[in-house]
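Asker: Sequence:
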Amino acid sequence: MNDRDGTIKRIRAALKRRSGRAWSVKGGRGTAWGWIRIDAPPARRTWHSRPRAGFTADTAPSITGWEEYLGKPGGHMSRVDRFELAKLLGLNVVRSQGVSIPASSDYYREYIDRAEGREPSVIGKPYWD
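Per this note's numbering, residue 5 is the first one in the sequence shown, and the count goes up by one each step.
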């Protein structure tokens, strides 16, 4: 079984080795302590969302009513980073807030395999309802 900190180190190193770029791989805190999140580093999280012209948050509840724009750090990762991270992990899509890995040894093994460029030897199964 891989522990959380060891899993974080392996995923971070594998993504850096395969992409040539740094990725933020962090462990959760408090009740989310075992969970791991993969995202672009803070300096590359500069994208934000706002309602399109003529829309407000109330009139544009769907994704089509929103647009992304480049802003200051403190936002989300770019489409380019999302595409690259999805490709590196063998996923169809990655959301702008990154990838969350649940706290279980099967999920840890799955994402180590993905980050290292292998077909996952095990697929994590949800343990919550």
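Keep in mind that the hints were calculated from the coordinates and are not lab data.
Glycine included, every Cβ here is placed at the ideal spot set by N, Cα and C.
Fair warning: there could be bad hints in the mix.
[Unchecked claim] Now the in silico label distances, taken between C-beta atoms and shown as ranges:
no., residue 1, residue 2, range
1, Ser23, Ala57, 18 to 28 Å
2, Asp133, Ala90, 23 to 33 Å
3, Asp9, Pro130, 15 to 25 Å
4, Gly69, Gly24, 31 to 41 Å
5, Gly10, Arg56, 26 to 36 Å
6, Gly31, Arg56, 17 to 27 Å
7, Asn96, Thr68, 17 to 27 Å
[Unchecked claim] Listed next, the in silico DMTMM-like pairs over lysine to aspartate or glutamate satisfying Cα-Cα at most 25 Å (straight line):
no., residue 1, residue 2
8, Lys20, Asp117
9, Lys13, Asp133
10, Lys20, Glu88
11, Lys76, Glu88
12, Lys91, Glu71
Asker: For each hint, tell me whether it holds in the structure or not.
Answerer: Hint check results:
no. : hint                         : result
1   : Ser23 <-> Ala57: 18 to 28 Å  : 35 Å, violated
2   : Asp133 <-> Ala90: 23 to 33 Å : 27 Å, holds
3   : Asp9 <-> Pro130: 15 to 25 Å  : 23 Å, holds
4   : Gly69 <-> Gly24: 31 to 41 Å  : 36 Å, holds
5   : Gly10 <-> Arg56: 26 to 36 Å  : 44 Å, violated
6   : Gly31 <-> Arg56: 17 to 27 Å  : 36 Å, violated
7   : Asn96 <-> Thr68: 17 to 27 Å  : 20 Å, holds
8   : Lys20 <-> Asp117             : 14 Å, holds
9   : Lys13 <-> Asp133             : 29 Å, violated
10  : Lys20 <-> Glu88              : 12 Å, holds
11  : Lys76 <-> Glu88              : 21 Å, holds
12  : Lys91 <-> Glu71              : 23 Å, holds
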